[in-house]
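K.L.:
Each protein sequence line maps, in turn, to chains A and B. Residue numbering for the first sequence follows the numbering used here, starting at 124 and increasing by one per position. Residue numbering for the second sequence follows the numbering used here, starting at 3 and increasing by one per position.
The hints are simulated quantities; they were obtained by calculation from the structure and are not laboratory data. Just so we're clear, the structure is a prediction, and the values are computed from it rather than from any experiment. Among the clues, some could well be false.
Simulated crosslink set (PhoX-like; lysine-lysine; CA at most 25 Å straight-line) [claimed, not checked]:
id	chain 1	residue 1	chain 2	residue 2
1	B	Lys42	A	Lys165
2	A	Lys124	B	Lys11
3	B	Lys24	A	Lys165
4	B	Lys42	A	Lys233
5	B	Lys38	B	Lys73
6	B	Lys21	B	Lys54
7	B	Lys54	B	Lys43
8	B	Lys43	A	Lys165
9	A	Lys124	B	Lys46
10	B	Lys73	A	Lys191
11	B	Lys21	B	Lys43
12	B	Lys43	A	Lys124
13	B	Lys11	B	Lys54
14	B	Lys73	B	Lys43
15	A	Lys233	B	Lys54
16	B	Lys42	A	Lys124
17	B	Lys73	A	Lys233
18	B	Lys46	A	Lys233
19	B	Lys42	B	Lys73
20	B	Lys21	B	Lys42
21	B	Lys73	B	Lys21
22	A	Lys165	B	Lys21
23	B	Lys24	B	Lys46
24	A	Lys233	B	Lys38
25	B	Lys38	A	Lys165
26	A	Lys233	B	Lys21
27	B	Lys11	B	Lys69
28	A	Lys165	B	Lys11
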Amino acid sequence: KQEVTQIPAALSVPEGENLVLNCSFTDSAIYNLQWFRQDPGKGLTSLLLIQSSQREQTSGRLNASLDKSSGRSTLYIAASQPGDSATYLCAVNPALGSGSNSGYALNFGKGTSLLVTP
Amino acid sequence: DTAVSQTPKYLVTQMGNDKSIKCEQNLGHDTMYWYKQDSKKFLKIMFSYNNKELIINETVPNRFSPKSPDKAHLNLHINSLELGDSAVYFCASSQDLTGGDYGYTFGSGTRLTVV
Numbered sequence: 124k125q126e127v128t129q130i131p132a133a134l135s136v137p138e139g140e141n142l143v144l145n146c147s148f149t150d151s152a153i154y155n156l157q158w159f160r161q162d163p164g165k166g167l168t169s170l171l172l173i174q175s176s177q178r179e180q181t182s183g184r185l186n187a188s189l190d191k192s193s194g195r196s197t198l199y200i201a202a203s204q205p206g207d208s209a210t211y212l213c214a215v216n217p218a219l220g221s222g223s224n225s226g227y228a229l230n231f232g233k234g235t236s237l238l239v240t241p
Numbered sequence: 003d004t005a006v007s008q009t010p011k012y013l014v015t016q017m018g019n020d021k022s023i024k025c026e027q028n029l030g031h032d033t034m035y036w037y038k039q040d041s042k043k044f045l046k047i048m049f050s051y052n053n054k055e056l057i058i059n060e061t062v063p064n065r066f067s068p069k070s071p072d073k074a075h076l077n078l079h080i081n082s083l084e085l086g087d088s089a090v091y092f093c094a095s096s097q098d099l100t101g102g103d104y105g106y107t108f109g110s111g112t113r114l115t116v117v
């Protein structure tokens, strides 16, 4: 079964720093990988979607990369702001025939809790 | 113009009761899901439906029964509620089983508390 790991579990940085969140997954047979943000007590907001054929996606100060062969993705946040404080979740969508009985559904990591201090 | 909407947002009920959570999406997606987020904030798939057909049924007690009257709606009925069912339940949808061009869209969640 696809296992998704996120490192670090928690991160605290001063405002203005650039930072990298890491995600690794055990089975490289994926359709895509999606990064989400979750604020306390709220739902999930999609940040970036990377299809298996893509290497990276960018949106504003966010850049996500995907190295499918090594089972890794990184989310880069430039010039962090206090408003970026949230939990960031990485999720992979296993591909057909991957053997996972949770195929056709996102498998989530446990998240990185980010605090950006003023 | 909410894309994926769930009702109710909060649900407090006693052990042994039966309750339902409703989900609707107006994105024209074919696939819908129920996820459970436990007290440690880990999100786990429960069910998925594609065009009203059940695709995934994870190891979930039989007390949980999803129903999809049409591809825009996926409801979750829970019988004989137990304390351990307390969690946040998220509905989600995607264009198709692969996630499509835009990935998954999630609802805002239903916080279920069983007392």
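K.L.:
Next step is simple, just say for each hint if it's right about the structure.
P.N.:
Hint by hint, here is what the structure shows:
| no. | hint | result |
| --- | --- | --- |
| 1 | Lys42/B - Lys165/A | holds, 15 Å |
| 2 | Lys124/A - Lys11/B | violated, 32 Å |
| 3 | Lys24/B - Lys165/A | holds, 18 Å |
| 4 | Lys42/B - Lys233/A | holds, 8 Å |
| 5 | Lys38/B - Lys73/B | holds, 21 Å |
| 6 | Lys21/B - Lys54/B | holds, 21 Å |
| 7 | Lys54/B - Lys43/B | violated, 28 Å |
| 8 | Lys43/B - Lys165/A | holds, 12 Å |
| 9 | Lys124/A - Lys46/B | holds, 13 Å |
| 10 | Lys73/B - Lys191/A | violated, 32 Å |
| 11 | Lys21/B - Lys43/B | holds, 22 Å |
| 12 | Lys43/B - Lys124/A | holds, 20 Å |
| 13 | Lys11/B - Lys54/B | holds, 24 Å |
| 14 | Lys73/B - Lys43/B | violated, 28 Å |
| 15 | Lys233/A - Lys54/B | violated, 30 Å |
| 16 | Lys42/B - Lys124/A | holds, 21 Å |
| 17 | Lys73/B - Lys233/A | violated, 30 Å |
| 18 | Lys46/B - Lys233/A | holds, 10 Å |
| 19 | Lys42/B - Lys73/B | violated, 31 Å |
| 20 | Lys21/B - Lys42/B | holds, 23 Å |
| 21 | Lys73/B - Lys21/B | holds, 22 Å |
| 22 | Lys165/A - Lys21/B | holds, 22 Å |
| 23 | Lys24/B - Lys46/B | holds, 18 Å |
| 24 | Lys233/A - Lys38/B | holds, 13 Å |
| 25 | Lys38/B - Lys165/A | holds, 14 Å |
| 26 | Lys233/A - Lys21/B | violated, 28 Å |
| 27 | Lys11/B - Lys69/B | holds, 19 Å |
| 28 | Lys165/A - Lys11/B | holds, 10 Å |
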